Every structure is written in C-alpha cells, then in structure tokens.
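Just so it is clear: in the sequence shown, position 505 is 505 by full-length UniProt numbering, and no numbers are missing.
It is worth saying that the hints were derived from the structure and are not from the lab. Note that this is a predicted model, so its numbers are computed, not measured. Even for Gly, the Cβ is constructed at its ideal location relative to N, Cα and C. Zero decoy hints are in this set.
Here are the simulated lysine to aspartate or glutamate pairs, EDC-like style, with alpha carbons at most 20 Å apart:
#, residue 1, residue 2
1, Lys226, Glu237
2, Lys335, Asp406
3, Lys538, Glu561
4, Lys335, Asp398
5, Lys187, Glu313
6, Lys195, Asp110
7, Lys8, Glu313
8, Lys226, Glu202
9, Lys365, Asp398
10, Lys232, Asp188
11, Lys538, Glu500
Label-pair restraints from in silico Cβ distances:
#, residue 1, residue 2, range
12, Met560, Ala206, 38 to 48 Å
13, Lys14, Tyr409, 29 to 39 Å
14, Lys547, Tyr231, 41 to 51 Å
15, Asp110, Val551, 19 to 29 Å
16, Ala214, Glu561, 48 to 58 Å
17, Asp110, Arg400, 21 to 31 Å
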Amino acid sequence: AAGPTIHKLLSYTKPDAFFLGIASFFLLVAALGETFLPYYTGLAIDGIVVQKSMDRFSTAVLVMSLLAIGSSFAAGIRGGVFTLIFARLNIRLRNCLFRSLVSQEMSFFDENRTGDVISRLTSDTTIVSDLVSQNINIFLRNVVKATGVIFFMFSLSWKLSLVTFMGFPIIMLVSDVYGKYYKKLSKDVQNALAKANNTAEETISAMKTVRSFANEEAEANVYWQKLQQVYKLNKREAMAYTYYVWSSGLTLLVVQVSILYYGGHLVISGQMTSGNLISFIIYEFVLGDCMESVGSVYSGLMQGVGAAEKVFEFIDRKPTMVNDGSLAPDHVDGKVEFRNVTFSYRTRSATQVLQNVSFTLHPGKVTALVGPSGSGKSSCVNILENFYPLQDGQVLLDGRPINMYDHKYLHSVISLVSQEPVLFARSIADNISYGLTSASFESVVQAAQKANAHGFITELQDGYQTEAGEKGAQLSGGQKQRVAIARALIRTPPILILDEATSALDAESEHAIQQAIYGDLQNHTVLVIAHRLSTVEKAHNIIVLDKGRVVQQGSHKELMEEGGLYSKLVQRQILGLE
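Construct all of the structure, not just a fragment, from the sequences and the given hints.
Here it is, written out as structure tokens:
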C-alpha cells in the first residue's frame with residue numbers, strides 16, 4: 001500500500017528532474033568512493049603483512065585518502081541538492097493542498113475542524129517533506145553502497161558471502177513487520193496531534209471567553225489530556241523500536257561471529273589472505289550499517305507515508321458542490337426569487353432549516369428578514385450566496401438559477417456584510433479592496449466615506465495603511481463593521497446583503513450608513529437581517545420567518561395591523577433583545 005503513495009509523492013518532484021539528475025550523479029560518486037575504501041584497506045595490510053613492501057602500502061593509503069576526499073566532497077553536494085529538492089517539494093505540497101482546501105464546498109468546513117485542517121497543512125506536510133526527503137536520501141545512498149559492497153564481498157570470497165547472507169532474510173522480515181506496524185502507529189499519532197492542535201487553536205482563538213469564565217486551568221488540563229494520548233502512542237513507538245533494534249542486532253551478532261569463525265578457517269587453510277579477511281569484515285560491517293539504515297529508513301518512510309496519505313486525502317478530494325456556472329451577463333437587474341426552497345445542512349441532514357420558502361427581492365427596494373433565532377434567516381443568506389446546494393426548489397437571479405452563474409461573477413454582483421465580519425491581517429485599504437484586482441485609492445476612500453469609516457481611519461497613525469491585525473483585532477467591533485460595509489460598497493453591487501451589519505454601531509453611524517445605502521437604491525437590491533426596529537421598519541417589504549417557514553409578509557404598517565408573530569416581536573421588543 002505504501003508503494004503507490006511513495007510513487008505519487010515522487011511524481012511531485014518531476015519539475016526538479018534536473019536537480020534530481022545532479023543529486024543522483026554525486027550520490028553515485030560518493031557511494032562508489034566509500035565502497036572502495038575497505039578494499040584498499042585490505043591491500044594496505046597485505047602490503048605490510050604479506051608483501052612487506054612500503055611502496056605498496058603507501059600507494060594504497062594515498063588512493064584511500066583521495067577516495068575519502070572525493071567521496072566527502074560528492075556527499076556534501078548530494079546532501080545539499082537533495083535538501084533543496086525536498087524543500088521545493090514541501091512548498092509544492094502545501095500549495096496544492098491549500099488550493100484544494102479553498103476549492104472545497106462549505107459543508108466540508110462544517111464537517112472538519114479548523115485545527116485538523118491546519119494540522120494537515122502544517123504538521124503533516126512538514127513530516128512528509130522532512131521524513132521522506134531524509135529517508136529517500138539515506139535509502140538511495142545505502143542501496144548503491146550495498147550493491148558495491150556485495151560485489152566486492154563475492155569477489156573476495158563467495159563462501160564467506162553465503163554465510164553472511166544467511167541471516168539477512170530474518171532482518172528483512174523483522175524490518176517489514178516493524179515498518180507496517182509503525183505506519184499504522186504513525187497515522188494514529190498524527191490524528192492525536194491534530195486533535196491536540198484543534199484544542200489549542202480553539203482555546204487561543206476564544207481567549208477572551210476563556211478568561212471571562214476563569215477557565216484557563218481547565219483548558220490547560222484538556223490540552224494536557226490530549227497530549228497524554230499522543231504520549232501513549234509515542235511509548236508504543238518506542239517499545240516497537242526497542243524490539244526491532246534488539247532482534248535485528250542479535251541476528252547481526254550471530255552473523256558476525258559466524259564470519260569470524262569461518263573466515264579464520266579460510267585464512268589458516270590458505271584460501272584467503274589476512275588482508276582480504278579484514279577487508280571482508282569491514283565490508284560486512286558496512287553492509288550491516290547499510291541494512292540497518294535501510295531498515296530504519298523503511299520505518300521512517302512508513303511514518304512519512306502515513307502523513308502523506310492524510311495530505312493526499314485532502315489534495316485529491318473533489319468538492320461535492322462544483323461552481324461550474326458560466327453565465328456572466330453585462331448587466332443584472334437584481335431581482336432575486338426564492339421558489340419553494342427546502343434546505344438542510346449536511347452536518348444535520350435530519351433537520352430541515354427551510355421548508356418550502358418562497359419570496360422575492362425587488363430591485364430598488366429594501367427587504368427585511370425577521371424572525372426568532374434559528375428561524376432560518378442566515379440560512380437564506382447562505383443559500384443566496386450559493387454556499388450550499390438545495391434539497392428542493394430554486395433560487396433565481398433575474399430569472400436564472402444562481403448556480404448557472406460564473407462563481408466570480410456571482411460574487412461580484414452580490415456583496416455580504418455579516419454581523420461578525422472577518423478582516424484580514426493586512427492594511428485597511430487592502431481589506432476594503434479585498435478581492436478586487438484593480439481598485440483605485442479614490443474608490444477606497446469613497447466607499448469608506450459612504451460607510452462612515454473615513455473619519456476614524458484618517459485618525460489612525462498610518463491612516464488607510466494601518467494594519468487591521470489578525471481577524472481585525474486592532475479595530476473595535478463598530479470599526480470592523482464599517483470597514484466591512486465599505487468592502488461591500490466599493491463593488492457597487494446590484495445585490496447587497498446586510499446580515500446584522502450595523503449591530504455594533506451607534507444610532508448616528510447607523511443612520512449615516514442607511515442614508516448612504518437607501519439614497520442610492522436605484523442601483524441596489526437590498527436584503528436586511530436585523531433585530532433593531534429602526535432598521536426593519538424602513539424596509540419596503542418585511543418577510544417574517546418562523547421555524548423555517550414564511551409566516552408573514554408585508555410592510556411594517558401592514559404587519560402591525562395584521563397582528564401575528566411580527567406584532568408580538570415588536571411589542572415584546574424581542575427585535576431589540578435577540
């Protein structure tokens with residue numbers, strides 16, 4: 001099972017074929033140089049012991065020195081080039097994984113915790129590139145070296161070589177069993193680490209909540225428990241490694257004793273020189289090191305393969321909802337129709353969030369969605385943004401289903417401002433022009449003025465170049481909302497969605513923004529979700545949702561006269577309290 005994964009992983013190094021060629025050449029040179037060293041060691045000993053010639057001894061030592069210098073030089077270049085190749089592999093893997101992640105449907109992010117996803121993007125890709133690069137380098141070096149060593153061993157004594165290789169099948173069997181077990185264990189470790197990362201990410205991102213409930217110690221204990229799960233698996237890894245080293249080491253010891261005993265017999269009987277025996281013994285030690293390295297490489301590769309399989313699982317994942325629409329008309333009127341829409345989230349498919357919902361958003365008009373919490377208001381927004389597929393019904397834009405429109409085009413004509421707007425750790429100007437390839441500074445300022453944000457931005461030390469901080473942490477809630485509104489208005493979108501977009505603003509700021517939006521209604525279809533009566537009562541049409549159904553529809557005056565849920569919401573002031 002590991003073979004296809006390693007092959008697939010190596011296929012990602014195809015752009016580096018030139019570098020691989022250089023690395024392979026120097027690997028071959030270094031390995032061959034190292035392979036000749038024991039042979040010349042034997043010649044040097046025979047030069048003194050057998051031939052008693054200082055010239056032969058000196059020649060052998062000189063060749064050994066040149067071989068050692070040459071192989072060291074080649075090994076350095078080989079190691080450097082391999083490091084470069086696998087650094088490029090790491091970057092390539094992360095890029096492919098991230099591109100795959102951002103193309104997934106929204107349900108994917110509902111089903112997978114942020115910590116798990118980030119763990120694959122950071123921890124797993126690093127393990128893959130580090131372990132695989134390190135181990136493939138070691139593996140190739142030792143395979144080439146072992147091939148040369150075996151050739152020299154048979155040339156020195158085929159009888160002694162057969163004795164040597166009797167124990168190797170046992171070592172290979174032990175390595176295979178250990179490698180398979182280690183691969184499974186590696187996957188378990190990565191899963192446990194992902195859970196620990198998720199806990200840490202969740203706690204740190206919600207630090208204000210943790211601090212407000214004085215729950216730091218409990219959160220630290222939860223994280224500690226997750227780390228203990230990782231440690232338990234690490235102990236199993238350590239135990240497996242102990243057994244592996246013990247069994248392979250014992251087998252090697254038996255082989256070495258057999259070589260010494262039988263080799264001594266061959267020297268005494270005149271079938272072998274003492275120099276050749278010493279060369280053979282050195283070769284046997286070198287071969288043992290090679291086999292041990294290949295064995296440990298196998299377990300390391302299995303660990304890397306375990307992480308690689310998790311990475312490829314996300315890279316190869318095809319989104320279940322593909323944005324393959326192609327419609328991109330020069331103009332849209334902005335008429336939106338919900339026709340008998342039924343919808344449920346994949347994470348809770350048994351619960352229908354919207355049931356047979358129908359309503360229309362008219363161009364140049366403000367439509368408000370109201371209702372108790374959980375009535376389906378935000379789900380209507382998610383559907384209009386084409387974030388999720390419908391169970392039944394249609395959402396039409398100018399008479400055509402929204403999934404027929406090109407993805408980029410659809411989101412250029414629909415702009416959303418949510419209650420908790422997300423700003424990026426970039427300048428305020430970059431946040432306002434987010435997603436636009438070319439937006440002039442003048443258009444950024446105009447949008448900020450409409451959103452009543454220009455005043456506070458110019459008072460900041462660096463003005464529009466001020467960094468917003470992670471998730472806009474450097475700005476207050478109201479400031480973030482105004483920047484988010486400016487981000488929507490700069491696009492002059494035909495359809496504008498305000499989902500509790502002014503909840504953190506004071507009455508004066510809200511009034512200024514409403515004037516800017518409502519004063520330019522001929523260019524917008526506006527959908528407002530709000531609890532404030534001052535925002536809702538100005539809408540041309542109010543749609544009341546309850547338990548996923550439309551229960552009332554009309555103007556503020558009409559609905560108050562009609563009574564029903566809307567009237568109760570107003571009378572009980574739930575609109576202001578929810």
